[in-house]
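Residue numbers (my numbering), protein chains in the order written: chain A, 4 to 486; chain B, 2 to 89.
Some hints could be false.
Quick look at which bits of chain B chain A covers, simulated, 3 or more residues with Cβ under 8 angstroms [said to hold, decoys possible]:
hint, region
1, 12-20
2, 34-44
3, 47-61
4, 72-84
No lab work stands behind these hints: they were computed from the structure. Ideal Cβ placement from N, Cα and C applies to all residues, glycine included.
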Amino acid sequence: MSAHEEFAFDVAVIGAGPAGLSAAVAAAERGAKVVVCDTGTQPGGQFWRHRPESVFPEPDGHGHHGWKTYLDLRARFDAAISRGLLRYLPNTQVWMTEREDAGRFVLRLTPATGTAIEAATVRAAKLVSCTGGYDRQLPLPGWELPGVMAAGGIQAFIKANGTLPGKRFVVAGTGPFLLPVAANIAEAGGKVVAVCESASLANWLPHLGAASGVPGKALEGAEYAGIFAKHRIRYRTRTVVTEVLGESSAKSVRIAKVDADGAVIAGTEQLLEDVDVVGFGWGFTPQVELAVALGATTRIDADGSLVCVVDGQQASNVPGLYLAGEVTGVGGAVLAVAEGLVAGAAAANGEAPSAGTARQIQRHRRFAGAMHRAHPVPEKWDDLLADDTLVCRCEEVSHGEVVHARVELGATDARTMKSFTRTGMGWCQGKVCGFAVSCLSTKGADDAGTEQASLAAFAKRPVAAPLTLGEISTLDSRQPQDS
Amino acid sequence: MSTTPQRITVTLNSKPVGTEQGRSVGAVLMGEGIKAWRTTRNEGKPRGLFCGIGACYDCLVTIDGQPNQRACMVEVCDSMNIEGDFDA
Chain A
4 MSAHEEFAFD VAVIGAGPAG LSAAVAAAER GAKVVVCDTG TQPGGQFWRH
54 RPESVFPEPD GHGHHGWKTY LDLRARFDAA ISRGLLRYLP NTQVWMTERE
104 DAGRFVLRLT PATGTAIEAA TVRAAKLVSC TGGYDRQLPL PGWELPGVMA
154 AGGIQAFIKA NGTLPGKRFV VAGTGPFLLP VAANIAEAGG KVVAVCESAS
204 LANWLPHLGA ASGVPGKALE GAEYAGIFAK HRIRYRTRTV VTEVLGESSA
254 KSVRIAKVDA DGAVIAGTEQ LLEDVDVVGF GWGFTPQVEL AVALGATTRI
304 DADGSLVCVV DGQQASNVPG LYLAGEVTGV GGAVLAVAEG LVAGAAAANG
354 EAPSAGTARQ IQRHRRFAGA MHRAHPVPEK WDDLLADDTL VCRCEEVSHG
404 EVVHARVELG ATDARTMKSF TRTGMGWCQG KVCGFAVSCL STKGADDAGT
454 EQASLAAFAK RPVAAPLTLG EISTLDSRQP QDS
Chain B
2 MSTTPQRITV TLNSKPVGTE QGRSVGAVLM GEGIKAWRTT RNEGKPRGLF
52 CGIGACYDCL VTIDGQPNQR ACMVEVCDSM NIEGDFDA
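Model the full structure from these sequences, guided by the hints.
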């Protein structure tokens, strides 16, 4: 096998979480030569993150949902590797994707950690992008204090390390995801002082039809109710954290009841003392930048996220580009697996999903839609911001600067805001503040397309991961490796 | 899980600290009660773990002389040198 063939594949899959694993397995089992690039050091993604297999070879799946599904996919993934059909590149971040004249995809790679990399470039006829998402954040006073984390970050910490990042926790934001995070904390021995859910659970009432289509979710809910009762966890609805307090790290939080629009109800404020970790999650932000860079069509989903448009085979408008999992709409792991299997099969040989699979995907999408509508970002979330509240953590841009740029300088979309204030120009490239900056920039706009355009412009990051100038300068010298 | 991870030693700003294999650099720092190990370049504010999954770059730290590594993503190994803005 020449070096050329070494790095040329039928199907490239980005991500090894629920969607990526499924896509890879489906494609390889149809005879395609597959490469999987993933930032993790082992398969599983965020959902099935587990302790390092180099140290704990047989994870028991404690605290995980769908672990049997993972074990099945993993066995098939490993079998495809040993049959020589699948090349797995862990600890590998795709920093750029392009389409060559022949329609082939080129993936430029950089190590996620350290400096060693197996391949700097891979090429494939088809691409399945399953890049997942991360917790969506909203700024509030004190959110930059150490001890404030993403809710999913706390869960990842527990899953990966088997320890806790603190002792006394408050978990806040909106959505069912707050429940497993609190449950994981309590089961690991941490004290959950409160779970603050901004929505009212009555929001689910109009959506019971969609919820009943996915009965497994009710079972999960019952499981959390049991864990909450056992650990005496207080689940407060229509409640938000209004401020995190502390000098050099989080020490306490102020909470308050809110009305249906998210405005604080006077007189309901309360101080929760002796809190060292605060976890926030306002749903998830799908990582669409690689797909957007290739020209994938986007839309705004029911949760306000920018997501990519796909057809019944998970195909995007870009020929050969398939998408599965959160990038097509945040919907959880079961949906991601179903979509991944469809995308992998379609990418391998154009196969269409069975009617049953298509129905399953539709049911889960309906459930996700109901979930998003029942757990909206509160309309008046920015009421909590003071002038000096940081909006962009990397570049330390304050709310006051953002408002000034919008009102006085006419920065009414995220891209203009970025130019004027440096929001989103730091290390994370707006991954953390992008949603909030887009909301704050387009505030007051009555055109529904404005927000979409603003978010889409923000998701345009041709270079999807920080890398050194040295890595860019070696691009040309890398070519001979593949040709 | 019945596996017992091996004990290893890492240095935090030159101070040797015992820990075990299979943990992230961030977890080892947090386990020593260190919640922040970087200061922001504009306002000099402390930062540590935030997103916890490699998206936010708040937890950057120098590992074995290589700057700007994400503490949440790097697994510790024996003799690893971890340096940052913290008191060990």
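Against the structure, the hints:
no., hint, in the structure
1, 12-20, "violated (count 0)"
2, 34-44, "holds (count 5)"
3, 47-61, "holds (count 14)"
4, 72-84, "holds (count 4)"
Hint compliance for this structure: hint 1 is the single one not met.
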